[in-house]
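**Student:** Just so you know, the protein sequences line up as chains P and Z, in that order.
Residue numbers for the first sequence follow the working numbering, so the first one is 479 and each next one is one higher.
Residue numbers for the second sequence follow the working numbering, so the first one is 20 and each next one is one higher.
These are computed hints drawn from the structure, not numbers from a lab.
Fair warning: this is a prediction, and the values are worked out from it, not measured in the lab.
Hints are supplied without guarantee of correctness; some may be wrong.
[To be verified] Below, computed lysine-lysine pairings styled on DSS-like, alpha-carbon distance capped at 30 Å:
| # | chain 1 | residue 1 | chain 2 | residue 2 |
| --- | --- | --- | --- | --- |
| 1 | P | 1181 | P | 1108 |
| 2 | P | 999 | Z | 161 |
| 3 | P | 1213 | Z | 289 |
| 4 | Z | 258 | P | 1002 |
[Unchecked claim] Facing chain P, from chain Z, some residues (calculated, C-beta under 10 Å):
| # | residue |
| --- | --- |
| 5 | 70 |
| 6 | 103 |
| 7 | 112 |
| 8 | 132 |
| 9 | 134 |
| 10 | 290 |
Every residue, glycine too, gets a C-beta built ideally from N, C-alpha and C.
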Amino acid sequence: MGTGITEKQTTGEMPLSALLSTVFEDWFERKKWQPRAHQLKLLARSQQGDSTLLIAPTGAGKTLAGFLPALYDLTTRAKRKPGAAKTNDTRGDGIHTLYISPLKALAVDIKRNLETPIDEMGLAITVETRTGDTPTHRRQRQKQKPPDILLTTPEQLALLIAHKDAGHFFQDLRYVVFDELHSLVTSKRGHLLALGLARLRKLRPGLQTIGLSATVSNPSELCRWLVGQNRDGLNSHEAGLIVVEGGAKPNIQILDSQERLPWSGHSARHAVGEVYETIKKHHTSILFVNTRSQAEFLFQNLWRINEDNLPIALHHGSLDVGQRRKVEAAMAANALRAVVATSTLDLGIDWGDVDLVVHIGAPKGASRLAQRIGRSNHRMDEPSLAVLVPANRFEVMECQAALDANYLGHQDTPPLREGALDVLCQHILGMAVAEPFNEDDLYAEIISATPYASLDWDTFERCVHFVATGGYALKTYERHAKIKKTEDGNWRLTHPRFAQQYRMNTGTIYEAPSLNVRLLKYAKRDGKGLAATTRGGRMLGKLEEYFLEQMVYGDTFMFGGQIVRFEGIRENEAIVTPAVSKDPMVPMYAGSKFPLTTYLADHIRDMIADPKRRSNLPKQVADWLNVQGKKSVLPKKDQVLVETFPRGDKFYLVAYTFEGRIAHQTLGMLLTKRLERARARPTGFVATDYSICVWGLDDMGAKIADGSLSLDGLFEEDMLGDDLETWMQDSFMLKRTFRHCALIAGLIEKNHPGKEKSGRQVTVSTDLIYDVLREHEPDHILMQATREDAASGLLDIHRVGDLLARAKGQIVHKDLEQVSPLAVPIMLEIGRESVPGEANESLLAEAAENLINDAMTV
Amino acid sequence: MSDSTDPVSSNTPTNTEPLDDDILMAQLQEEFSFAPQQDDRHDYAGTCIHAVNGVELVTDASGVAYWPAEDTLLVADLHLEKGSSFARRGMLIPPYDTTATLRRFSQCLDKWQPRRVIALGDSFHDAQASERLSIENLETLKLLMRNRDWVWITGNHDPTPPVGLGGDVVECLRDGNLVLLHEPKEDSENGEISGHLHPKALLLRRGRRVSRSCFAGDKRRMIMPSFGAYTGGLNVFDKAFENLFEAKAFHALMRGDNQIYRIPASELRKK
């Protein structure tokens, strides 16, 4: 907690003694600290019984603010004697304060920071963590003898409230503190947490919440999230809000690279030398990248030129936990000069004296960048220092837009989504595991959770029936029901094994099946491959199964900061050995790409349109845009430029739509379908964050010119109707989404990695289930959940819709004789970017045909 | 065959090398593609003929094989009532798999109009599965069985005969030059037709991967794909296939949407 507090702070008008006891006063005195105004304000509100959201920048002492009410209350009310009645002046021996954080590591970190003041003040307060890593015996003990303050994660809360003793365990609960609330609420994880909170409120109606958050674009959403909805005759309620204005503005620069700026790609290979020099000039740097692949790549390349042997470390979610803890400890001890990291380091962990944040690649969002930069320099009155390193020319504009936004303090965090139905299904089973439930009561409880505030009864009931019997129109599973309505009108679990099943599958974080990667010095091989006696070695981390499945013996790849050779798979482990290779593969990881936010996209369009805004771009980029203006067109801000040109034996159409990669992939599929129908014979497309490129065998430019192909028709808004439906049906993306929903909703159990197929099928593939369900009951609740998910997530349909509305009457077509400067980046992506899994039958045809051709030409 | 232009998709080259066409050519020299014949009752479009022990079988993209000389349709691993079998263990997957499987199979029967059907085992997912059939599905199945011979070969999932359905129940059927049974044997006789393994094949080309359920066969034997709606597949290079074929000297007849693609094993990958 020391990091949060600087020496010279004002109390505001509030007298300290009015709120805190002498123990606290003395402690602040000894530390030569003064409580900050917002800390006291939050304390005062809490003492009045209010729930509050505190929005403050890093370094503002947020954590202490969040815990002060609890610490104070715990010290002023004695524990009651065993057997004695509860009074206002005593408290029971259950959990008093629950702290929920998005990261296990954060809970551990907070415990350390919380114990310091508790020890220094000599308070009789117990603090414990409970995460997936907590050993069973300690969990058991925590149930019997709960600590005063329990630090935990959303998944653990779900498990705790699904226990039959939950009422007892939480009977003394007074506060729930949500740390990094802005990051907790955006996902399905947040939906599960909101439902958990609703249950806690039911167990303890007087419960108060305290939310701690970074700056967001719409704070009132979070204020609503913290308190119960649909009560006292009103549907909407909000917690109180305290906002601490940011301290000094960060000092952000874009790396002014002397190297030639790449046209495309995301590696920033050109700038590695300059990044290295920058690291040398600072004490400790965090180098943020967007993906684990980039992390491996950058780390490798930095060490290649690390002549000074600077201690540079690597940190990402696939690495072995032990390895990550080591890096974190070294970081806290200021033993590192730099750490290359992904978003696993985004959240408020104490990082020692970081004095520089380097952001490699596009920031993708203004708020995202601001939060990352906040990591450096935890003293809020000194400016943070950050360097942005764009990896290509479009990224330069994106960095500039993010930098401008940061200067203006603009936020572009995404709006909160309605609660997902698969999560609701999981929760309903959990509530039956806790105790038999009455439908009406549970419904009232669920719509008190903000994400589910507008859930209708009918949908709720369908979810209950899904949990009970699968909810199929064909009611054949009554006798296999997991929950049944008994004579007293309550739904009751039919067998204890479903409780076990629930506990083993709680949570919403879907991890692609992955294998451990073990590094050996050498691997023995026999005639059949890897010798069965392979033992020993060191665990490097985990890698997605689908990447490893593509590997054959001898392939080399980068992992854990080194180059390794794939030897083979033994049980649930991939065995690798050290290797030397000039051209190792970089693992691709699922789901690691964020799309560009609408806000940044708007500003990039603005920059292209407005010469004034281009003035502070680096010369290479400014020149590039100028040439574009001469050779083609620089579109005005509300225009959509479409270029057509031939190249090689194909014809290309490039649309500069700036709606982010995901929306563009959806758009690409739809455009291709339309072009097919217009007989323009398209044969492929590629999408980036900024534009989309379709190619084909016919001259699309000529067709547009002679009127046989209409651009307005091509971008007509109705493409989101039937075309989308047809395409979505078969899309592998929908199948992937379905799998995710089926796992969360509990239709199938999580696939345990390493479960080798033995010739006999032990599971049913969700793809097959999807096909059958689509044909026989397309309106099933899980299909509905899948479509809703896909619309906002994997397909980003809303943004495609926005674009089509925007493009109406605003399309500017330029038919060119050759590729334009603006088109070069996406042309270079052809054959590089991928839509994985869209396996294509024509490949089969090709292979088979080759056969015939080859056979015939012998 | 569909046209050979680039498929519509934004594609991908991961890190796999393209197949070496020269090696492929050398291996293909002895290959010969059978031109599908026609007869007056059947449309052979999209099928591929595979001869086992001299017996010509027509492999169909729907996953069945037609034996013209005996006017017989072969099908393997229907796994009827697999869904309800899972439901008994608490996985309430959609109860429509039997309906879906029977619907598809009835289309096959319409197409080939065989005098006889041989189901090569694991027709029912468990011993009680035939009792769990819904009335509608039972009626459908009886209708399909009407006016033709029907042989249920037993499998590891359905070692006992189905209750009250009729049809002959045998462990193994010898007919002409063929031996039909559920589980392929390492020391098989020539002409073995089996199921059990749910073969699928993976093709990798220019960095892209296509995995499809398939027939796996050489001149001595053929393993049928699994037909049931909830049946997945096992790669033809999995251990379970070891010793069944001479190394890579067999073909996968991969199931496209409306077309069988005959691919030599040398073209295929395990992963």
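**Student:** Give a verdict on every hint.
**Tutor:** Going down the list of hints, with the structure as the test:
1. P:1181 <-> P:1108: holds (24 Å)
2. P:999 <-> Z:161: violated (63 Å)
3. P:1213 <-> Z:289: holds (23 Å)
4. Z:258 <-> P:1002: At roughly 20 Å apart (the allowed maximum being 30 Å), residue 1002 (chain P) and residue 258 (chain Z) satisfy the hint.
5. 70: Since chain P brings no Cβ nearer than about 16 Å to residue 70 (chain Z), farther than 10 Å, the hint is violated.
6. 103: holds (7 Å)
7. 112: It holds, given that the least Cβ distance between residue 112 (chain Z) and chain P is near 5 Å, below 10 Å.
8. 132: violated (25 Å)
9. 134: violated (30 Å)
10. 290: At 5 Å from the nearest chain P Cβ, residue 290 (chain Z) passes the 10 Å test, so the hint holds.
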